[in-house]
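Visitor: Please build the complex by placing chain B on the supplied structure of chain A, with the hints as guidance.
Protein chains: 2
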Amino acid sequence: MKLFILGCYSATPRAFTHPTSQLLEIKNHFFLIDCGEGTQVQLRKHKLKFSRINHIFISHLHGDHFFGLPGLISTFRLLGREKELHVYGPKGIKESITLLLKLGDSWTNYPLVFHELSSNTAEVILENDKVSVTTIPLDHRIYTNGFLFREKPNERTLNIAATTKYGIDKSQFNNIKKGKDIILESGKKIPNERLTFDPTPPKSYAFCSDTAYNEKLVPQISGVDVLYHEATFLESEAHLCKKTKHSTAQQAAQIAKKAKAGQLILGHYSTRYKSIEYFKQEAEDIFKNVALADDGKCFEL
Amino acid sequence: MKLFILGCYSATPRAFTHPTSQLLEIKNHFFLIDCGEGTQVQLRKHKLKFSRINHIFISHLHGDHFFGLPGLISTFRLLGREKELHVYGPKGIKESITLLLKLGDSWTNYPLVFHELSSNTAEVILENDKVSVTTIPLDHRIYTNGFLFREKPNERTLNIAATTKYGIDKSQFNNIKKGKDIILESGKKIPNERLTFDPTPPKSYAFCSDTAYNEKLVPQISGVDVLYHEATFLESEAHLCKKTKHSTAQQAAQIAKKAKAGQLILGHYSTRYKSIEYFKQEAEDIFKNVALADDGKCFEL
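Protein sequence lines correspond, in order, to chains A and B. Residue 78 in the working numbering sits at position 78 of the first sequence; the count goes up by one each step and never skips. For the working numbering, count along the second sequence from 1 and bump the result up by 1000.
Treat each hint with caution, since some may be false.
Said to hold, decoys possible - No more than 20 Å apart at the CA atoms, straight line, and that leaves these computed lysine to any residue pairs for SDA-like: (1) 1274/B x 79/A; (2) 1045/B x 197/A; (3) 1152/B x 1203/B; (4) 1102/B x 99/A; (5) 102/A x 1099/B; (6) 1091/B x 95/A; (7) 274/A x 1079/B; (8) 91/A x 1107/B; (9) 91/A x 1101/B; (10) 1102/B x 139/A; (11) 1045/B x 271/A; (12) 27/A x 132/A; (13) 243/A x 1078/B; (14) 245/A x 1016/B; (15) 242/A x 1106/B; (16) 1274/B x 1106/B; (17) 288/A x 274/A; (18) 102/A x 1118/B; (19) 177/A x 192/A; (20) 243/A x 1203/B; (21) 1091/B x 101/A; (22) 91/A x 1102/B; (23) 1045/B x 296/A; (24) 102/A x 1245/B.
Think of the hints as simulated: they come from the structure by calculation, not from any bench.
Chain A on its own, in the form it takes in the complex (with noise of 0.2 Å):
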C-alpha cells in the first residue's frame, strides 16, 4: 500500500502549496482522494499516470477537496479514456459535473459513474475481491465523509522449499494458496501449514478530512493501520475550531491514541504557520507515530 500526497493544504491553491487530493495504491487499485483545483497538474508534475486511477472518492464539495474534478474529467475525454470512472462523493456532484459538461458541450466518451452519498451512517461503497471501501462520516461544515479502505485478507505464501520435498505439481498451488489441504497420490494427506507460510496481514487505510473534533469515528476506524486526520489548527487556535468545524494537531493525535492507530499522518495544515513541523510537535505529546504528510511526499505503508 503507497499514498502519495498530491496535496496537503487547506483553503486556496497558492504557488507552492497544493489543496488535498491523495493518490492511494492498495491492491493495484489506483484510488483519488478529493481533488482540489490542480490536482491533474500534480499528476503530471509526478508523472503519475491518469489512466490507472478507475475510482475517485470526494469528501465533500468545499472548493479546496473539489474544484479540480471538472477539469480532471474533461482530460481523461482528451486523453482517449475508454474505460468507466467512478466517481463517489455528496449528492449534488453529479448535477454540478454534469451541468459544467453541458456548458461546454464537453460530454466524455467514456462512462462516467456517479455514486452520490447522502447517508449519514458509514456504508460499504466498493467492493471486491481485494479490498473495500467505507464511508466515514465527519463531522464539518458541509455533509462529508472520510473513507476507510480495507485490503482483505491476503492469501497464504507459498513454502516452495515444502511443495519441493512433497513433489506437489504447479497446478496445486492455487488451492494450496488459499489454504487446502493436499492429498499426495500416495493417499496422504498434508495439511496446509505445512506447506505455506501465514499471509501479511492486510492493511487499512482511514482517511479523515475535513472534520471537527469527534469521538464518534473511533468506533469505526479503531486499529486502522494508518490514519490520515486533518490537522488545519494548532491549538494555538483551538479557538477557531468550532466555527469553522476543524480540527488541531492534538486533537487529531487523540482520535488516533483513541482508536490505537498504528500510524498519524498529519495535513489540511492552515498556511498561516511557518513550519508545519509545528504540528508534529504538538501531535507527539499525545501520540508516538506521528507523519507529516508534504505535497509531492509519498509513504510505503
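Guide: Just chain B, lined up with the frame of chain A:
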C-alpha cells in the same frame, strides 16, 4: 496599457503550460480575461494583486477558459473581499457558479454580479469615462465572444511653459486639458491649442480566442492597435481546424493583415509542437509585426 499573459496554451493544464488567462491593465482598470484552471496560482506566482481585479471576462465555457473561475471566486471570499466583482460570460455561467457555491455552502460575502451574454452581434458590455468593452462574436464549437477593449480619448496634455507665460492659474488646468480656450483678465482669448499638446492617441486591444478563421470579425477590429488571435495549429495541421473550429498561425495573420492591426500576438498553441517559434515564422509570411504570447510574459502596449 499592459497585457500580462497568465496562460496561453490550449487544452489541459500541464506541469509547465497553463490554459488561457490574461490580465489587461488599461486606464487603471485590471481586467481578467478568461480563467483556466490554476489562474489564481498564476496570479500569486507573478505577484499580481487579486484585489485590483473588479471585472472578469469569460470568452466561452470550455474548461480551459473557465474552470479556474469557481476557485478564484472562492479565494476572493477567503481574502475578505468586500468590493463588487463583475463577471461577464455566456449564459449559463451564473447557474453553474451559483450551484457550486450552493453545494459548498460557500456564498461570497461580497456582491458577485453576473452579466450573462447571449447576443450574436457585438454589444457594448462595459463603458465608463475611461474605457469601453465590446463583445466580438467568434466562430467556435460553442457560443464564444472575443472582447474589444478601447481607451476613451485621452485629455490634452498641458503645455506648462505656455500657461506660465500667460500667468494662468492652476484652477484653470482641468478646463484647459478638456480642450477649453481661456480668456485672460485682460479680456484676451488664448486658444486651447496654444496651451496644450495633442493627447496620446487612445489604445485598443482585441482578444479573439477561441475561433475558426472568420473574416466577419475584421470590420469590428479594423485598425486595432493590438490583436491577440488564437493560433492553435500550424498549417501542417490545418485540416484539424474545421472540426475543432480553431485557427492556424497563418490564418491569425490573415485576420491581422485584413484588419490592419498594429501588432498581432499569437497564443492558444496546441502542446503538440516542440517550439512555439514555428507559429511566429508561419505568421510572419503574411503579417510583419508578430509577437508570441507565453506564460508569464508581459507586453507593454
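Visitor: All hints, please: hold or fail.
Guide: Results of checking the hints against the structure:
| no. | hint | result |
| --- | --- | --- |
| 1 | 1274/B x 79/A | holds, 19 Å |
| 2 | 1045/B x 197/A | violated, 55 Å |
| 3 | 1152/B x 1203/B | holds, 8 Å |
| 4 | 1102/B x 99/A | holds, 14 Å |
| 5 | 102/A x 1099/B | holds, 14 Å |
| 6 | 1091/B x 95/A | holds, 17 Å |
| 7 | 274/A x 1079/B | holds, 19 Å |
| 8 | 91/A x 1107/B | holds, 18 Å |
| 9 | 91/A x 1101/B | holds, 14 Å |
| 10 | 1102/B x 139/A | holds, 19 Å |
| 11 | 1045/B x 271/A | holds, 16 Å |
| 12 | 27/A x 132/A | holds, 11 Å |
| 13 | 243/A x 1078/B | holds, 15 Å |
| 14 | 245/A x 1016/B | violated, 36 Å |
| 15 | 242/A x 1106/B | holds, 17 Å |
| 16 | 1274/B x 1106/B | violated, 42 Å |
| 17 | 288/A x 274/A | violated, 23 Å |
| 18 | 102/A x 1118/B | holds, 16 Å |
| 19 | 177/A x 192/A | holds, 9 Å |
| 20 | 243/A x 1203/B | violated, 50 Å |
| 21 | 1091/B x 101/A | holds, 14 Å |
| 22 | 91/A x 1102/B | holds, 12 Å |
| 23 | 1045/B x 296/A | holds, 19 Å |
| 24 | 102/A x 1245/B | holds, 18 Å |
Violated hints, listed in ascending order, are 2, 14, 16, 17, 20; each of the other numbered hints is respected by the structure.
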